[in-house]
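Participant: Let the sequences and hints guide you as you build the complete structure.
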Amino acid sequence: GAGVSQTPSNKVTEKGKYVELRCDPISGHTALYWYRQSLGQGPEFLIYFQGTGAADDSGLPNDRFFAVRPEGSVSTLKIQRTERGDSAVYLCASSSLGTGTNGSYNEQFFGPGTRLTVL
Amino acid sequence: GQQLNQSPQSMFIQEGEDVSMNCTSSSIFNTWLWYKQDPGEGPVLLIALYKAGELTSNGRLTAQFGITRKDSFLNISASIPSDVGIYFCAGQKNAGGTSYGKLTFGQGTILTVHP
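Sequence lines, in order, name chains H and F. Following our numbering, the numbering of the first sequence begins with 1 at its first residue and continues without gaps. Following our numbering, the numbering of the second sequence begins with 1 at its first residue and continues without gaps.
None of these hints come from the bench; they were simulated from the model. Cβ coordinates follow ideal geometry from the N, Cα and C atoms, glycine included. Fair warning: there could be bad hints in the mix.
What the hints assert, rightly or not - Computed, partial: chain F to chain H, Cβ under 10 Å:
| id | residue |
| --- | --- |
| 1 | Q3 |
| 2 | Q6 |
| 3 | Q9 |
| 4 | A48 |
| 5 | A90 |
| 6 | L103 |
| 7 | L111 |
| 8 | P115 |
Stated by the list, open to error - In silico lysine-lysine, DSS-like type, Cα no more than 30 Å apart, as pairs:
| id | chain 1 | residue 1 | chain 2 | residue 2 |
| --- | --- | --- | --- | --- |
| 9 | F | K70 | H | K11 |
| 10 | H | K78 | F | K36 |
| 11 | H | K78 | F | K93 |
Facilitator: Right under this line is the structure:
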């Protein structure tokens, strides 16, 4: 079946511009996550949705970053007034449940990411 | 943000050799995971560990969850060229019996296998 898809695959923008990154999770997955991966680093958590609501947005670096998931499926990560330091690969993942019971893990399936370059 | 300490950063080995990499943390995680990432792709789960001391195998892969819940290792036996990629450890925490969804990742180990 279809996995997590992300669009665009690459985005080049100029400093100060606004960008939107889209994530289509696996059908039926209630939990959705955004991570940011800088060159040579592991992914870093940004925000996690359970359904339509943000259950944990503690990873968003500042108020220029915002994400929505209005119908509990597709999510959009929005970045205002982009800076060169925002350049990274933005990964989206989804899972069947956001929280597992003790002793289990609800696997997060990752999309291929959007590579954002801010000039 | 916090990342797990993963080592080594990179490894160059001959096909057929065994590989070992490990991950440590200053805090406790209730679930440890090992992922592999190929260029242009997202990470793919290899092994999940749920209990302290647990040893789990998946084909040529073996991983262990440390007794203290602050470390884990991954072994790959008899490496083959398709093992090339970046390997990440990741941890997930529980609080009050509820799992947090977010994962905390290590910095990655770049594996190169020479035929």
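Participant: Taking the hints in turn, state whether each one holds.
Facilitator: Each hint tested on the structure:
1. Satisfaction of the interface hint for Q3 (chain F) is found here, the shortest Cβ-Cβ separation to chain H being roughly 6 Å, below the 10 Å cut-off.
2. Evaluation of the Q6 (chain F) hint against chain H yields a held restraint, the C-beta minimum of about 8 Å falling below 10 Å.
3. With 10 Å as the threshold, the beta carbon of Q9 (chain F) comes within range of chain H, its nearest partner Cβ sitting at about 9 Å, so the hint holds.
4. Interface restraint check: A48 (chain F) against chain H, minimum CB-CB distance 5 Å, threshold 10 Å, status holds.
5. Because the beta carbon of A90 (chain F) sits about 8 Å from the nearest beta carbon in chain H, less than 10 Å, this interface hint is met.
6. Because the beta carbon of L103 (chain F) sits about 7 Å from the nearest beta carbon in chain H, less than 10 Å, this interface hint is met.
7. About 15 Å separates the beta-carbon of L111 (chain F) from the nearest beta-carbon of chain H, more than 10 Å, and the hint is not met.
8. Taking 10 Å as the C-beta cut-off, the interface hint given for P115 (chain F) is violated, the closest approach to chain H being about 26 Å.
9. Of the pairs offered as hints, the one joining K70 (chain F) and K11 (chain H) is violated, with about 38 Å between alpha carbons and a cut-off of 30 Å exceeded.
10. Pair hint K78 (chain H) plus K36 (chain F) holds up; C-alpha atoms about 28 Å apart against a cutoff of 30 Å.
11. Between K78 (chain H) and K93 (chain F), the direct Cα distance comes to roughly 27 Å. Compliance with the 30 Å bound is thereby established for this hinted pair.
When the structure is compared with the earlier hints, violations turn up for hints 7, 8 and 9 and for no others.
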